[in-house]
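**Student:** Chains as they are written, first to last, in full-length UniProt numbering: chain A, 1 to 427; chain B, 1 to 427.
Because the hints were derived from the structure by calculation, they are not lab data.
Worth double-checking, as some hints may not be accurate.
Where chains are identical, the list cannot tell them apart; a pair therefore holds if satisfied intra-copy or between any two copies.
What the hints assert, rightly or not - Think about it this way: if two alpha-carbon atoms lie no more than 16 Å apart in a straight line, the pair counts; the simulated EDC-like pairs of lysine to aspartate or glutamate are: (1) K115 / D278; (2) K115 / E215; (3) K253 / E299; (4) K27 / D381.
Protein chains: 2
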Amino acid sequence: MSLDAALAAKILKAVDDNFDRQMEFTKTLVRFASLRGAEGPCQDFVYAEMDKRGWSMDRFAMDEDAIQRHPGGSPFSADHSKAPIVVGIHRPRQETGRSLILQSHVDVVPAGPDKMWSRPAFEPHIEGDWFYGRGGADMKAGHAAMFAVFDALKSIGLQPAATVTVQSVVEEEATGNGALQCHLRGYRAEAVLIPEPEEEKIIRANAGVLWFRVEVAGLPVHVSHAGSGQNAIEAAFGLIGALRGLEAQWNDKKGEHPLFAPDPHPINLNIGKIEGGDWASSVPAWCAFDCRIAIYPGERPEAMRKAVEATIASASLNDRFLSNNPPKVVWNGFTTEGYVLEPGSEAEAVLARAHQTATGKPLEELVTPAYLDTRVYALYDKVPALCYGPISENIHGFDERFSIASMKRVTRSMALFVAEWCGVEPV
Amino acid sequence: MSLDAALAAKILKAVDDNFDRQMEFTKTLVRFASLRGAEGPCQDFVYAEMDKRGWSMDRFAMDEDAIQRHPGGSPFSADHSKAPIVVGIHRPRQETGRSLILQSHVDVVPAGPDKMWSRPAFEPHIEGDWFYGRGGADMKAGHAAMFAVFDALKSIGLQPAATVTVQSVVEEEATGNGALQCHLRGYRAEAVLIPEPEEEKIIRANAGVLWFRVEVAGLPVHVSHAGSGQNAIEAAFGLIGALRGLEAQWNDKKGEHPLFAPDPHPINLNIGKIEGGDWASSVPAWCAFDCRIAIYPGERPEAMRKAVEATIASASLNDRFLSNNPPKVVWNGFTTEGYVLEPGSEAEAVLARAHQTATGKPLEELVTPAYLDTRVYALYDKVPALCYGPISENIHGFDERFSIASMKRVTRSMALFVAEWCGVEPV
Chain A
1 MSLDAALAAK ILKAVDDNFD RQMEFTKTLV RFASLRGAEG PCQDFVYAEM DKRGWSMDRF
61 AMDEDAIQRH PGGSPFSADH SKAPIVVGIH RPRQETGRSL ILQSHVDVVP AGPDKMWSRP
121 AFEPHIEGDW FYGRGGADMK AGHAAMFAVF DALKSIGLQP AATVTVQSVV EEEATGNGAL
181 QCHLRGYRAE AVLIPEPEEE KIIRANAGVL WFRVEVAGLP VHVSHAGSGQ NAIEAAFGLI
241 GALRGLEAQW NDKKGEHPLF APDPHPINLN IGKIEGGDWA SSVPAWCAFD CRIAIYPGER
301 PEAMRKAVEA TIASASLNDR FLSNNPPKVV WNGFTTEGYV LEPGSEAEAV LARAHQTATG
361 KPLEELVTPA YLDTRVYALY DKVPALCYGP ISENIHGFDE RFSIASMKRV TRSMALFVAE
421 WCGVEPV
Chain B
1 MSLDAALAAK ILKAVDDNFD RQMEFTKTLV RFASLRGAEG PCQDFVYAEM DKRGWSMDRF
61 AMDEDAIQRH PGGSPFSADH SKAPIVVGIH RPRQETGRSL ILQSHVDVVP AGPDKMWSRP
121 AFEPHIEGDW FYGRGGADMK AGHAAMFAVF DALKSIGLQP AATVTVQSVV EEEATGNGAL
181 QCHLRGYRAE AVLIPEPEEE KIIRANAGVL WFRVEVAGLP VHVSHAGSGQ NAIEAAFGLI
241 GALRGLEAQW NDKKGEHPLF APDPHPINLN IGKIEGGDWA SSVPAWCAFD CRIAIYPGER
301 PEAMRKAVEA TIASASLNDR FLSNNPPKVV WNGFTTEGYV LEPGSEAEAV LARAHQTATG
361 KPLEELVTPA YLDTRVYALY DKVPALCYGP ISENIHGFDE RFSIASMKRV TRSMALFVAE
421 WCGVEPV
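Just chain A, with the same shape it has in the complex (with noise of 0.2 Å):
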């Protein structure tokens, strides 16, 4: 079943040899700051390079309607991309292989303060094995390996033997609406692949995520009399901490998720952002948080907001103030479940081999809290969802890097992989 090895040996060769470019490409990608709402600029490039090869082009926006109808969509607010979704679809002479999607979203987490980057954030910079850049590891690495996979094997007059949907998305790491949008938009394929910075690993379950803010109203009154306002900011920090209480009995529970619960703290509650106040002399009069917290697989988002609002509630109860001034929780992002990828699925085993011919080592696996877009297709679709990526470090943090040799790798069994899901056929 598996690929012939003098052929597996020629792919590999044709990846080794189109690296320098797919590197360059990956540069290309990074330079785009593709923040959230930003990503036009970046979505035009890769049209046009999907375009390029000769792809069947689509692209769309978000069905907004449509999103908030299915039970996998999460809410709209005022920061939600308006950028547009791009879909090439390759499309072979006969259809003699299994379909595939292959996805990467190219929105990316703010840069934060620039004095924290060792360099520029969106100016890419190599050193030694590690590619520095804002997103280049989640994921522009991923999806310039999708664009290496295709030029690897044209350089040796091959192409896959199936149809295969390149998805490049946007709003993956504030709503997961992109790919649920793909869904929407009525791609289907036997198996996915989306190359998330995963340590070479395959995902076998990740977490759901849960996106709020909370805004706080407070009593303003002039600062000589402060003992008789009600301060919005610090009243956050008792709802705060309240939270920080969930999070410690969704931590408990984690005996009923075995996958999770080698992990010492798989629930993690972030508090992400705050602004509160205008005047340092006024005692403030509201205060917004924001935050995210994870959820098992298999728990109802619904279900789990309801334990986020209750938690605010029963809080401001024992607050004088707060209980006749209610805390507004507003749902503003993720609201998604968890998935689990069944083991077995040949499409695993697959990758299982490709990964061992490019890397000389078996494929393990691993279990994430954090969300990913493969939800999509585990839960909605139900075919095997492959997350499969390469080493890194401090993604959504500073100095944001990938591993360059563990790129290559990871590339080699994405080519072996698509070679052996799909087939080939001559160009």
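Knowing the structure of chain A, use the given hints to seat chain B on it.
**Tutor:** Frame of chain A, contents of chain B only:
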């Protein structure tokens, strides 16, 4: 020594007759949203109104170097106003009376969220005895009253028989540098009156104020590994707790300051503003919060600044991350001493008589734990610096308002005070 009763009655009637015009003038002032840095148009209006009255005009900028060299100067920050200070000088035909400085500020604190106001903050609105609008009470009502005193006297053919310097300043709400700049410009008088909204009482003492910003660095990581990062927002909470401890210590010392001892809580720390983080799913790398704290009269700002810095430093030592990444304390506004108005001055006696005649009640005194510009004249000119103005509610809050009847009584007092202190002469 006191004013001839017939003249007093004539003056009081003139104030009453002019009062509608005075309220219109107040409305015009309130319509200027003269927030910090945006006081220019309001000051231009004030300049024109002074000029129209035939006063000698002066308009000048802050001299940052001179302010920084002066012990009463507060640090400049990027937010420091660049709006001019406007001074109009009334000079009599014959200098027979005692000179006087009248001063008001035109800067107002931010309105905060619109929805918290019953009506738009900068649209003056009268309901019953209350005049609503941001900056109406604090202190455009008093500002308009300075003009009203002259207008009322003029309507009966009189004017002060001494030099009266009418100063319209900025930066009262953030640094006190406007009043100090008038002092540095060389303006002096035998007494000063500032009509801040102080419940128709005379301020016996007020607190000094320190403003500072604490900047906390975090160590951002992807939230799925939140435990290995350092959340700058939550680190800030710990520092705020330590500052609350310092506030409690300072309140415990109130026995050493008999004027403040009756106040249950004379030293108020306010956490007025907070900002931190960029993204719900990234551990926040930074958080900064703005504080205001009071100090007792006689305490040196430099010493109290050191106490604040030591509190932050010692709280950071208890934290593994903060001890290696010490938070920064930035002094970005008020660094001012408190003052005591020494009882027994002739100026205070004249105001007490004026108040008794105008309102039928004895003048009471008030100790306030807030900043007042009178400190410049009390501390550095060492002249009687009288702070006295109308009854108000919710200054720095929503639906800020002053009592119209109170403002009329205060204007009557002010007119009698000016007439007795400066004497009057025919226009």
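**Student:** Could you run down the list of hints and mark each one as holding or not?
**Tutor:** Hints and how they fare:
no., hint, in the structure
1, K115 / D278, "between (26 Å within a copy, 15 Å between copies)"
2, K115 / E215, "between (30 Å within a copy, 14 Å between copies)"
3, K253 / E299, "within (12 Å within a copy, 55 Å between copies)"
4, K27 / D381, "neither (33 Å within a copy, 65 Å between copies)"
In summary, the one numbered hint that this structure violates is 4.
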